[in-house]
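K.L.:
Dock chain B with the ligand against chain P, hints included.
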Amino acid sequence: MKNEPLVLGIETSCDETAVGIVRGTTLLADAIASSVDEHARFGGVVPEVASRAHLEAMVPGIERACKDAKVSLADLDAIAVTAGPGLVGALLVGTSAAAGLAFALDKPLYAVNHLAAHVSVDVLEHGALPSPAIALLVSGGHTSLLRVDDVSSHITSLGATMDDAAGEAFDKVARILGLGFPGGPAIDREAQSGNARAIDFPRGFTQSRDQEDHAFDFSFSGLKSAVARYLHDHPNFHVADVAASFQEAVVDVLLTKALSAAKSEGIEHLIIGGGVAANSRLRLLAEERASKVGVAVRIPRPGLCTDNGAMVAALGSLLVSAGSTPSRPGFEARSALPVAQVTLA
Amino acid sequence: MSLTLAIDTATRRTGIALASSQNVIGELYEEGATAHGEALSRLASQLLQGVDRATISSVAVGVGPGPFTGLRVGISFAQSFAFALGVPVISVCTLDVIAAEVSCNQEFAVATDARRKEVYWARYSAAGKRLGELRVLKPGDLTDEERWLPTAGDAVEIYGELFPYLLDPPFPSMGLLGARASEFALTDHAPMYMRRPDATPPVLA
Ligand SMILES: [Zn+2]
Numbered sequence: 008m009k010n011e012p013l014v015l016g017i018e019t020s021c022d023e024t025a026v027g028i029v030r031g032t033t034l035l036a037d038a039i040a041s042s043v044d045e046h047a048r049f050g051g052v053v054p055e056v057a058s059r060a061h062l063e064a065m066v067p068g069i070e071r072a073c074k075d076a077k078v079s080l081a082d083l084d085a086i087a088v089t090a091g092p093g094l095v096g097a098l099l100v101g102t103s104a105a106a107g108l109a110f111a112l113d114k115p116l117y118a119v120n121h122l123a124a125h126v127s128v129d130v131l132e133h134g135a136l137p138s139p140a141i142a143l144l145v146s147g148g149h150t151s152l153l154r155v156d157d158v159s160s161h162i163t164s165l166g167a168t169m170d171d172a173a174g175e176a177f178d179k180v181a182r183i184l185g186l187g188f189p190g191g192p193a194i195d196r197e198a199q200s201g202n203a204r205a206i207d208f209p210r211g212f213t214q215s216r217d218q219e220d221h222a223f224d225f226s227f228s229g230l231k232s233a234v235a236r237y238l239h240d241h242p243n244f245h246v247a248d249v250a251a252s253f254q255e256a257v258v259d260v261l262l263t264k265a266l267s268a269a270k271s272e273g274i275e276h277l278i279i280g281g282g283v284a285a286n287s288r289l290r291l292l293a294e295e296r297a298s299k300v301g302v303a304v305r306i307p308r309p310g311l312c313t314d315n316g317a318m319v320a321a322l323g324s325l326l327v328s329a330g331s332t333p334s335r336p337g338f339e340a341r342s343a344l345p346v347a348q349v350t351l352a
Numbered sequence: 196m197s198l199t200l201a202i203d204t205a206t207r208r209t210g211i212a213l214a215s216s217q218n219v220i221g222e223l224y225e226e227g228a229t230a231h232g233e234a235l236s237r238l239a240s241q242l243l244q245g246v247d248r249a250t251i252s253s254v255a256v257g258v259g260p261g262p263f264t265g266l267r268v269g270i271s272f273a274q275s276f277a278f279a280l281g282v283p284v285i286s287v288c289t290l291d292v293i294a295a296e297v298s299c300n301q302e303f304a305v306a307t308d309a310r311r312k313e314v315y316w317a318r319y320s321a322a323g324k325r326l327g328e329l330r331v332l333k334p335g336d337l338t339d340e341e342r343w344l345p346t347a348g349d350a351v352e353i354y355g356e357l358f359p360y361l362l363d364p365p366f367p368s369m370g371l372l373g374a375r376a377s378e379f380a381l382t383d384h385a386p387m388y389m390r391r392p393d394a395t396p397p398v399l400a
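Sequence order for the protein chains is P and B.
To convert, take the position in the first sequence, counting from 1, and add 7; that gives my numbering.
To convert, take the position in the second sequence, counting from 1, and add 195; that gives my numbering.
Since the hints were derived computationally from the structure, they do not count as laboratory data.
Where a beta carbon is used, it is the ideal one built from N, C-alpha and C, also for glycine.
Covered stretches of chain P (in silico footprint by chain B; criterion: 3 or more residues with CB under 8 Å from a CB of chain B, positions within the stretch not fixed):
hint, segment
1, 49-56
2, 66-77
3, 103-117
4, 328-338
Isolated chain P (complex conformation) (with noise of 0.2 Å):
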């Protein structure tokens, strides 16, 4: 459909560099480049290694996208690009190159919400979001429950994790199984073979007295501890069964609140999105127990979870068509950026 906006998104908030375009709610191109393999032997990402990393890849990640679209800059309607949440260092190598094409193609930019962009990109596999809808984003980064009433305008947060992100949770445990970084896809694989009853890991937040003020957030650095205790405790332990164990916990503290919040809030949709809902066991579970309790799950597919460009394209997307105003030159990518501002003024 011709008269749908063609929206080119820029996504730099952490390791990768992306650049995707949409039309409407298609999806055309998805250009990623990563450097992750630079950070693995930091065991996490460094800040200035990331940044200098996205400027090399930016304009050929900008080119590869118009070719795999087969579209010109010239035809643009908009550009988009993540202003925050992420590392400011890093996401201000995006929202300059977003500026250049703008600026270059006299075309309006928006400066978005990066969470907002990972429920957003669930238009392009499934259609239209449902609303409203409970959102549950999982990555190194970030853990957020969220009430999504409209992903361009009207974003709610629920709750959030007090220390380390559910994907950060992953990647040390995988460090000290010997399973290298990044962790949730070493996990997940270890995961296959292993029993995942074998241990009791902790369940944080999820005790009575927690329900008051946590309700709907988030602790896993407890039962990172607790693996830790449990490696320490029992020095012939069984890699793929702690694997599993910790996975488990993990994905049952998610998917409890998620649904909990679901209930509490009357919701009957869950769209789960960010790099941890890549793993397996989470999309497993997240199907048998939704729909026990008449709760429907959107999750992408694994490619659009993990940070992109296309997520970036498909809100801006959802901006063009909503009307939204556009940013004013010299708005300001900021590290904590919160939900409630889907996008900058």
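P.N.:
Only chain B with the ligand this time, still in chain P's reference frame:
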């Protein structure tokens, strides 16, 4: 008309200009040690108001040496802008642009603030040609002969007592860069960071 868009974010003064080889159409600056990205967008929106983009035939950008984040903001903007218009990027050394405006009848130096109590430093011939390597160092580590060279660049304001002979200008002129960009062209487009990344592994508590 064939115009060059000139940009530099390698010092604490963010600058942008539009110029032909004959004259400077517009030239804008904003001072501030941080927030180069926000400043650059504000200045660009002012400068490019009503300008037909088809008249822009190249983009010149200072690739440093300069502090990491600010430096990248200008380069990222310049490269995307040029790519979108299908015009070439001319990468230049920020210190060379400062040197081009110096009038001095002997060898001189340019020193800009590198933060962390250091400066970017280079020596130039009386004709403004760079001699020897670009360096990043504590001003106290310069030899007496080097310190006593007449010196331009904003570091002389900060370390006044260490640089006895001050020269103008403190910052690169974007109008001059826009008008004479090809004279400064480097073959390498990579940012001149002059420092390795601060690659401290994240704390694994
Ligand atoms: Zn993310």
